[in-house]
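Visitor: One letter stands for each residue in the lines below.
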Amino acid sequence: MASEKDFDILDEYAGNRLNPEDRAAFEKQLESDAELKNELSLQREIIEGVRTARKAELKKMLNDVPLSSIPSEGMSTALKIGLWVVAAGLVTSSVYFYFNREENTIAQPPVANEIKEESTENDVVTEPAVTAESNQDEQAAQEQPVQPQPKASEKQADNTPTPKASSPEKVEEQQAVEPSTRDVFDPSQDAENAEQAAADENGPKISTKSSIAVVTEVDKRYNFHYQFRDNKLFLYGSFEKNFYEIMEFFSNNKRTMFLYYKDNYYLLNDADEKVKPLAPINDAALLKKLRDYRGN
Amino acid sequence: MNEKEIFERICKGDEKALEFLYQKYYRMMTKLVITNSGTEEEARDVYQDALIVFWQKATSGNLVLTSKMSTYIYSICQNLWRKELDRKKRLSSEEKDTSVTLDTESSEREKILAKCIDQLGETCKKVLMFYYFEEMSMQDIADKLGFANTDTAKTKKYKCKKKLDELVKAQYSEHDFLD
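Those protein sequences? They're chains A and B, same order as listed.
Under the working numbering, think of the first position of the first sequence as 1, with each following residue one higher.
Under the working numbering, think of the first position of the second sequence as 297, with each following residue one higher.
Bound conformation, chain A alone (with noise of 0.2 Å):
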C-alpha cells in the first residue's frame, strides 16, 4: 500500500520537479506498485488538467492585449480608406495619364509613388491622382482642375523606395486568368497612339476618368486576394505596411486593371464580385510591356 510520502513523492514526479537520482528510485518503485502506477496516471491527468486551464487563460490574456498600438494591425477598414484618399491627396503632383486617340485612352493613376513628367513632344493632362467620379461622367471630368504640359510623352517614375519583394505570395488555390489570352490593352501600342495624337490638330481629349477607391483588409478567408465589390477595390492581405499600385488602361470603352506589388504585376479581372486569389503575371512580354510603361 503506498504511504502518504509516497504520493507526495509522486506528486513531484508528475510535477517535474524530482532530481535525476530520486527520479529513477520512484521509477524503479512503480514498477512493483500497481497501485501507485494507478494514482500516477490520475495525478498527471489532473495536472495536466491545470497546465490546460492555465494555457487557456494565458492565451485569453493575449487575445484582450490591444493590438491598436501595433502598426497596421487592427486598423478599421474606415481608417484604411481615409489614409488611402489622405495619403493619395498628398500627392499632389501624382498624375493621371490620357492619352486620347478616338477610342483609346490611358489612364496610369500612381498611388503613393511620386511621378514627375518631363516635357517632350505629347500634350498630357495631367491632374490629382485619386478622385471618386463614375467612368461615364465625361463633363464632370472636364470641369476637374486640369494642368496640361503640352509636349510631354515621356515620363519618368521617381519612384519611393518600394520594398524588395522577398518571396512572391502563394496563390495555389485558383488560377488567375492568363493575361495575355484576355483581351489586354498593349501600353505600347497606346503609347504610339499617343504620339500620333499629338499631330493630331485636335488635341487630346478626356474622354474617360477613372479611378476607384481601394479598400484594403485583413480578412482570416483570404491571405493574398482581391476582389471588386460597390464599385470599390478590395485587397485582402498583409498590403498595409507596402506600397502598392494599381494600374488602369483602357481601350475600346474596356478598363483593364492591374495590381503592383512588391515587384511583381497582378491582373485584375473586374468582370464580376467574386473574390479572387492574386497571381502574379507571368507572361515575358506583357511584364515587359508594364514594366516599360511603369518606368521600372
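Quick caveat, the hints were computed from the structure, so don't treat them as lab data.
Small disclaimer: the values here were computed from a predicted structure and weren't measured.
Glycine included, C-beta positions come from ideal geometry on N, C-alpha and C.
Take these hints with a grain of salt, some might be off.
As the list claims (entries may be wrong) - Pairwise CB distance ranges (calculated): (1) Thr-52/A to Asp-447/B: 44 to 50 Å; (2) Val-275/A to Asp-310/B: 51 to 57 Å; (3) Asp-64/A to Asn-375/B: 24 to 30 Å.
Claimed, not checked - Computed footprint of chain B on chain A; a stretch qualifies when at least three of its residues, placed anywhere within it, have a C-beta under 8 Å from a C-beta of chain B: (4) 14–20; (5) 57–65; (6) 214–221.
Using the hints provided, position chain B relative to the given structure of chain A.
Guide: Okay, now just chain B, sitting in the frame of chain A:
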C-alpha cells in the same frame, strides 16, 4: 524595457512583460505564418502558442537564452506551423469517414477536470497553476501571491492540491471513471 529586462521579468512570471513582448513581435511572428499559406487567425494562434511555450520554459528556469528572444520565439513558431501544416496535409489525405473519431470518455473527463478547477478559489487556482504550469519556485510563488514565506506557499499548495484531488475523485467516482 530592454531585452534583458523583459527576459528577467518574464522569468519571474511577470504577465505584463509577456503582454509587452506579445505586442512587440506580433507582426514579425504572424507574418511568418501568413506568408506561408496561413490565415491571420492561424498566425495569431501559432504565435500565442509559441509565446506560451517560451513563457513556460522561462518561468520554470529551464531556459538559458543563447540567442535573441525573437530568434528563439520565431523558431518555435516555425516548428509549430510546420507541424500544423503536416497535420492539415494528413487530414486532407485521409478518408473523411475515418479521420474523426471522438473519444467521448476522455473529453468528458476533461470537462469534469475543468469544472473542478473552476470550483477552486482564485488563490488556489493560481498557486496550482504557478506550481504545475509555470513550475515556479516556492519563493517566486510566495512573492507573486504575497505570501509571508515559502512555507506558507508550500502549505497553500498542499491544501489546494488535496482539495482538487478530492473534487476530481468524487466526480470521477460518480461517473464511474475510477478503476
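Visitor: Taking 24 to 30 Å as the stated bounds, is the beta-carbon spacing between Asp-64/A and Asn-375/B within them?
Guide: Holds: the Cβ-Cβ distance is about 26 Å, inside 24 to 30 Å.
Visitor: Would you say the region 57–65 of chain A counts as covered by chain B, given the rule of at least 3 residues with C-beta under 8 Å?
Guide: Satisfied; 7 residues make the cut.
Visitor: Count the residues of the region 214–221 of chain A with a beta-carbon closer than 8 Å to any beta-carbon of chain B: does the count reach three?
Guide: holds (count 4)
Visitor: Given a hinted range of 44 to 50 Å, is it respected by the beta-carbon distance of Thr-52/A and Asp-447/B?
Guide: 29 Å, violated
Visitor: Do the Cβ positions of Val-275/A and Asp-310/B conform to the proposed distance bound of 51 to 57 Å?
Guide: For Asp-310/B against Val-275/A, whose Cβ atoms are near 43 Å apart, the range 51 to 57 Å is violated.
Visitor: Tell me if chain B covers the region 14–20 of chain A under the three-residue, 8 Å CB rule, please?
Guide: holds (count 3)
The structure is inconsistent with the numbered hints 1, 2, although it conforms to all the rest.
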